[in-house]
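**Student:** Single-letter residue listing:
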Amino acid sequence: MCRLALKTASEAFSPYEVLQGMEAMQEGYDGSGLGLLLRGLDFEDFKYDSKYPILSGIAHSEEAWHRLTGFMEKRGFELKYDHEFETRPELIEAKDRYRYFLRAYKMPASLSAKSKEEIENELMLTRLALRKDGEDHGNDLTCFSFWPDVATIKEVGWPLQIGDALNLSDNRIKSRVCMAQGRQNTNYGINLYACHPFFIQGIATMTNGENTAFVPIRDWLLGKHFPGYTGYQSDSETFTHILHYTLKQLKLPLQAYKHIITPLRGEELANHPQSEFLTGLRDSCRRLIIDGPNAVIGTLPDETCMLVMDQKKLRPATVGGRPGAWAIASEMCGVDAMVPDRDPSLDFQPMREHTIIVPPERKELTIWSQHDPYPLDQAA
Amino acid sequence: MVSARSVSVGPGSLSYTDLPWIIQHREDRCTLCGHCTAVCPKEAIYLAYRRQRIPKLDVLKKKRGNEYRTFVGIRQKKNMANACIGCSMCSMVCPNEAIQPVPNTNEHRTLFFNNQKGEPNKRGGRRNKVGPTLLDRIMFNRISMLTDPALDAGRHEFNVTTTLGRTLDPAEFLKRTREGGWIPPTREIFPFVIGSMSFGALSPNMWLGLLQGVAYCNEVLGIPVVMCTGEGGCPPWVLKSPYLKYIVLQIASGYFGWDEIIRAIPDMQCDPAAIEIKYGQGAKPGDGGLLMWFKVSKLIARLRGVPEGVDLPSPPVHQTLYSIEESVMKMIQTLSTAFGHKVPIYPKISASTSAKSVLNNLVRNPYAGGLLIDGIDGGTGAAYNVSMDATGHPIASNVRECYLDLVAQGKQNEIPIFAAGGVGKNGNVTQNGMALIMLGASGVHIGKYIMQSVAGCLGNEKNRCNVCNVGICPKGITSQNPKLYRRLDPDLVAERVGEVFMSIRTEMKKIMAPLGRSQSLPVGMSDALGIGDKDAADRLNIKYVC
Chain A
1 MCRLALKTAS EAFSPYEVLQ GMEAMQEGYD GSGLGLLLRG LDFEDFKYDS KYPILSGIAH
61 SEEAWHRLTG FMEKRGFELK YDHEFETRPE LIEAKDRYRY FLRAYKMPAS LSAKSKEEIE
121 NELMLTRLAL RKDGEDHGND LTCFSFWPDV ATIKEVGWPL QIGDALNLSD NRIKSRVCMA
181 QGRQNTNYGI NLYACHPFFI QGIATMTNGE NTAFVPIRDW LLGKHFPGYT GYQSDSETFT
241 HILHYTLKQL KLPLQAYKHI ITPLRGEELA NHPQSEFLTG LRDSCRRLII DGPNAVIGTL
301 PDETCMLVMD QKKLRPATVG GRPGAWAIAS EMCGVDAMVP DRDPSLDFQP MREHTIIVPP
361 ERKELTIWSQ HDPYPLDQAA
Chain B
1 MVSARSVSVG PGSLSYTDLP WIIQHREDRC TLCGHCTAVC PKEAIYLAYR RQRIPKLDVL
61 KKKRGNEYRT FVGIRQKKNM ANACIGCSMC SMVCPNEAIQ PVPNTNEHRT LFFNNQKGEP
121 NKRGGRRNKV GPTLLDRIMF NRISMLTDPA LDAGRHEFNV TTTLGRTLDP AEFLKRTREG
181 GWIPPTREIF PFVIGSMSFG ALSPNMWLGL LQGVAYCNEV LGIPVVMCTG EGGCPPWVLK
241 SPYLKYIVLQ IASGYFGWDE IIRAIPDMQC DPAAIEIKYG QGAKPGDGGL LMWFKVSKLI
301 ARLRGVPEGV DLPSPPVHQT LYSIEESVMK MIQTLSTAFG HKVPIYPKIS ASTSAKSVLN
361 NLVRNPYAGG LLIDGIDGGT GAAYNVSMDA TGHPIASNVR ECYLDLVAQG KQNEIPIFAA
421 GGVGKNGNVT QNGMALIMLG ASGVHIGKYI MQSVAGCLGN EKNRCNVCNV GICPKGITSQ
481 NPKLYRRLDP DLVAERVGEV FMSIRTEMKK IMAPLGRSQS LPVGMSDALG IGDKDAADRL
541 NIKYVC
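Same order as they appear, the protein sequences are chains A and B.
FYI, this note's numbering numbers position 373 of the first sequence as 373, with every residue one higher than the one before it.
FYI, this note's numbering numbers position 241 of the second sequence as 241, with every residue one higher than the one before it.
With the rest of the complex left out, here is chain B (with noise of 0.2 Å):
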């Protein structure tokens, strides 16, 4: 049968009820002013012309007609590629309030429609699940009372560093100082480590003031911050400063950016925090990084010693991998042999049930300097949705058994287990980052946390704006367009960085002096952990506690 064109409805069509945010606006409040069109990153929203036709009818006259009066307001668009994401910047900016997007309570149809032109869906952002995670609802409940009262958190010294590096037994220890041996490269480092993100997934702007916060805590603060890289480079300015000691350089598949490292190397007044080699990410495990063709400027592109403007997708794996085992020998050797055996080398991995495999290699291998597995509630600036959503290891589980896996062994003490993804998901950072250090993690890093709380990132597992991937962001955090990132203020970001590390620090604090605990970080320390999930427990290894 022939459709029937006068109807103008077709499979896609989608109403403003089928998309995720709606766009209300009082007309009684507009003033026409422009700002938040002007601001919109998605063009989601535009000035429309309405005529609106008032009947008439003149009884005298026996006459009948209309009027018709023009109005102007503001309406949302209602394509897949201009649906409202609900980043708010129409209310940030409206000088009246006359304009918010509200999430649609409905179910909605773009789920459905977000794989145009055959293509599935991509974002930024974690893995869109809402509500408390298994992080959240561990308690820490090893209470010092009446023997040993509790401890004063603003009173007592602590000491809540951390070790970054390969340490030995202490009887290896103890021989290799008589015999004059190497001893491996060790850095005392603050255990909430600023994620890998990338120069070239996060905007200029982002980037340096990450690195003048993380600056100012090291030497103001006292607070020994470190920061990753992330693949893609690091810029020689930084290189060749004597702040490479706060910064973790990562080498990933693309090894981008790693021309100018090499380079500076002759240069470099200081060694680097360690060198992380990326072998996967809890966000996509199993995927190589992906920087979508709007990021790559020029700056991006000399970075990364590539062409302007094309795609950047990084191989799932190192091409020079025969064997993970052989791969993940050789590179740790050589990187630790360029850095003249006086830099921490470790890999990171998506969390896996095969992570306890990866451990015990390490664990043999005597330059390795720890492990970082990042789990499947890590963000990413982007990645295929089913990636994000579907694949991958819940970080508690997979830390708690790799942990006591040394512990059976005697190492926890010389592999030093670093825990990602999700940390501070829900905002508790200190608390879930302490939970998973009980659980064995010698650290955790924290990524999207560190956007949302010193950038005002808008994402959310509501899946909220989520659009890192196509150098759209609203805030300037993870654009690369001038006009969208000098919205940034770095000097602002660099303030908030101090402001969340000292709060950080403080929390830590709060959660130690009631265990008891001041003098070293409670690492392992499981009796002190409890939660309400007997089978999360079990599974833990944790106390059951209702």
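Pulled out of the complex, with its shape left as it was, chain A reads as follows (with noise of 0.2 Å):
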């Protein structure tokens, strides 16, 4: 069972105040990973234009990080920065840890002419092909995202120890969004690609609890073919790939998530003003109905943060703030020690027919109910 913390604010933060606020939840992980995820990126010796891709990964070896950087040549993009992290290996576990790699680049001038769509696809397969590269070699290559304004550093070992590792209390990377999750491993071993958050075109969730549906999401996913899917070596990934296939591919609004993965029982639908349209959502997305315990908390390019449960809310999570500062976390003290100066009393712990939608403007949430018309005309 593993902890989640996200922060999201106006003014960047660095990522060090998530991992200190996951200490207060640390009963409920095991140091068998950190995953970490920025958006709305302030880098202080560089002036980050939020339209570069970054590419986030770890090379293991030399050879892999030359492999890297001729393919990133390749195809096309031109590297308009380089993070450095000042990194204390002592700290990590792991002794194949050549290079942690956070780099933006700049799109090729064969990609301006493209649609928005082909852009993404482009960025995606780079992503994926580079993943390819690394698994052909013996894993010494790992890459978590390739997206604009998105970075990503997964390892394996206690949250504050890689903290410390990478220095990231030196205010050197800031994010207005932080999404960090304390692994507790389960039933799958040890691997950087298990870690959350998960990460496809923009989207990306993370989640606790076992996701006891895995095998029929996972094989529905999977028969759609398209390239992202793909991965699995945590069950909480299919999460990240339906709210991509139900905002990306279905073209649905964020409430439509909430409606497929655990829509309403049978007489709520029966009462709901738009019955027809949500019995055939339901029934047409059966495949992808959760069965928990888990609670999913997401984040959007636009920088839109998403919080909602499996119908049994087995694994209650928090969310909490103010106007301008807000946390989501699987345990109410993970909100208080992320925005403590808030009103603790307008917490709020979703029910399963709510999505919490924290918007980008952060200056109040929204609690959305199932119940609730749904926002969209096809419904009509």
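Source of the hints: derived by calculation from the structure; they are not laboratory data.
Do not take every clue at face value.
[To be verified] Here are some of the chain A residues that sit facing chain B, going by a computed Cβ distance under 10 Å:
{"#": "1", "residue": "H66"}
{"#": "2", "residue": "R99"}
{"#": "3", "residue": "T212"}
{"#": "4", "residue": "P216"}
{"#": "5", "residue": "W220"}
{"#": "6", "residue": "L247"}
{"#": "7", "residue": "Q249"}
{"#": "8", "residue": "R286"}
{"#": "9", "residue": "D291"}
{"#": "10", "residue": "P293"}
[Claimed, not checked] Listed next, the in silico DSS-like pairs over lysine-lysine satisfying Cα-Cα at most 27 Å (straight line):
{"#": "11", "chain 1": "B", "residue 1": "K175", "chain 2": "A", "residue 2": "K224"}
{"#": "12", "chain 1": "B", "residue 1": "K356", "chain 2": "B", "residue 2": "K543"}
{"#": "13", "chain 1": "B", "residue 1": "K56", "chain 2": "A", "residue 2": "K224"}
Beta carbons: idealized from backbone N, C-alpha and C, even for Gly.
From the two separate chains plus the hints, produce the assembled complex.
**Tutor:** What follows is the structure in structure tokens.
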């Protein structure tokens, strides 16, 4: 059972703050991994243009590092910034870490004439090609994300110790959104790709608990034959892909995610104003129904943050904050640690029908219920 | 050489120990009430008068002589036509526990004589194969433990229904919703369906009891059970009733009863649950239905539109059939049109190595609402013994390979596969059904199990009873003779239907809860399955456990 922490604030902050927030919840993880995803980036030594995609990952050997740089050049990406971590390798358990990389690239000129969708595909395919390259060479290259304004760090070990090892407290990297997971290794092997948050084409989610319906969901996603629906070192990766499928492939609004993963019960659906549409949606997406127990915390490219529970709500998560700074955590103490200067009486634990949305303006929360009218003309 | 006529033993002569069942009668308990001989469906026993000689020696008079005692007792007939079938009706009606049939543990001879007058053995029942089936041996072993505690079957909410009918791919569903296109009809049903047993195979009382029970499950218990008519139509009062929505109407190669159905369409208050087109049956694949003349009563003749007292063998294939693809396509489309494209239409085939081709054909047919595959262990009211025992394909691997084929195409949510054939053969109905569901079936059909559990059918895999074909069902389940079927109280059948489905529903929760599943039926959740047989595990693509 992992511990999850998300902070989103109008002013960029250091990811170390979130790691400290995670410490409050440390009973829940076992040091088998940390995942960090940052959005709305601010580098101390570089004026970052948020159009530049950032490649995040680890080169485990010098040879892999050279292959990576060569590959990116050949693909036409021009390096604009290469963040060098001031690492303390003695704090890292693994010894095959040649280099952690966060590199901002300028898109190739050939992509400028392409549609948004084609560009997004190229970014995803580039990441997947690097991942495959690493897998083909004895896993000597790990690539987590390649997307504008998104940086991902994953490592095996205790979260705060990893933060110290990468010197994340030095304020050289800051972001407006930070997602973090302290991993409790369950029944899947310790694998860097198994660390949350998972990422695909701008969409990221992290989850605690186990996905008991993993195999049928994975089988269905694999059957879509979409190149990005791959991996599944963790059963929770399916949640990210379902959100991607909902938003990017079906082009439905965020609210549809909840209707897909936890549809209303028969009698509730019958009483819903858009009963017919939602029943059809449930039937056609039946294989994507999750069975929990999970809290799914996600972020979108526009810095929207969201939180949903599974139907049984056996892994409650809490959201709290104030205008300008919000925190979502799997434990209340995590929210306390991340945004202490808030009114805790306004903290909210969503029920099974709720989707919590923190919009990019970060002024107030939206608590959307599945019983509310569905916001799309398709349903009319 | 001329045979010795004085010895009355011929090639076909049998003794008691040659028969599969031997009647044990206790003279000291018998009151000669006659109940047993009256109830015996095979007239296998009779009241016999016997004389016993008692030697008498009068020593004083130096005289030898005899005395004679007459006594009466129940005796068993030894000819094939009247061989005991072990139904035990005699012991059930005996007021004094004086009589019972006992299985013959010796290798009995009737197996070599059951083809009298050149007619091979025909019977009802299932493949006579005893012992645990493969489904019985499957375990559910992905138990949620430390990280995610198992659910409480008694307290959590469970969603245990399944979809019958074609479901569109999400993108296509949205497109058609936007454009006002046709969305194929679906039904949300309980995944254990009462399989096709015809009005003709079953007695009117049995049918009435089932229908009452199904209505009770739906309207009182909230369990959306549906039942299939089998070939042979449906009584008009049912067709025009609001209960039709719980009925799957079957059309098969004899088209029996479809005059009535088509004529009733304008008067239907609701649509039927679905239409099942039978192309094959697991118990007798490649063979048509066989309602023997004994059962073609006046009522059945009227419903089916045929003369009374004639054999009704359905052809093995649909007569309009030029090729299976064409036939399937035309029939599905025609029936869908007949019901205004508001009723799911699906074919039923016998399990076969060619099942995947049929399935793939259906995937490309926009009107096909599913596929029912019936395995070799399925039951029937009448078939040649050789068809039942030796022809067909087991259901588990057939369903699994069909499901995996759909998975490879990403179509597993679009065409539901239903499985049948031996579900609950040894009483483990929920375990068998859930194993098939986790192998990839969206639901299962149960026929024989229902007869056994709700009406007390006596048939078993040791060839007990199994005389459904000749209309002498001792319980009145498969007889059209009012003297027999009046024994069956429809109300009691209905009560048992309710009990059986309540119990299945509870057992489903007891299986799903430890797996951490409650929100949707775990179709294709093969990671939860294990079996202690490496070859079977490899074939089914599940875990080998020991």
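**Student:** Of all the hints numbered above, which does this structure not satisfy? Sort the numbers upward.
**Tutor:** Hints 1, 2, 6, 13 not satisfied by this model.
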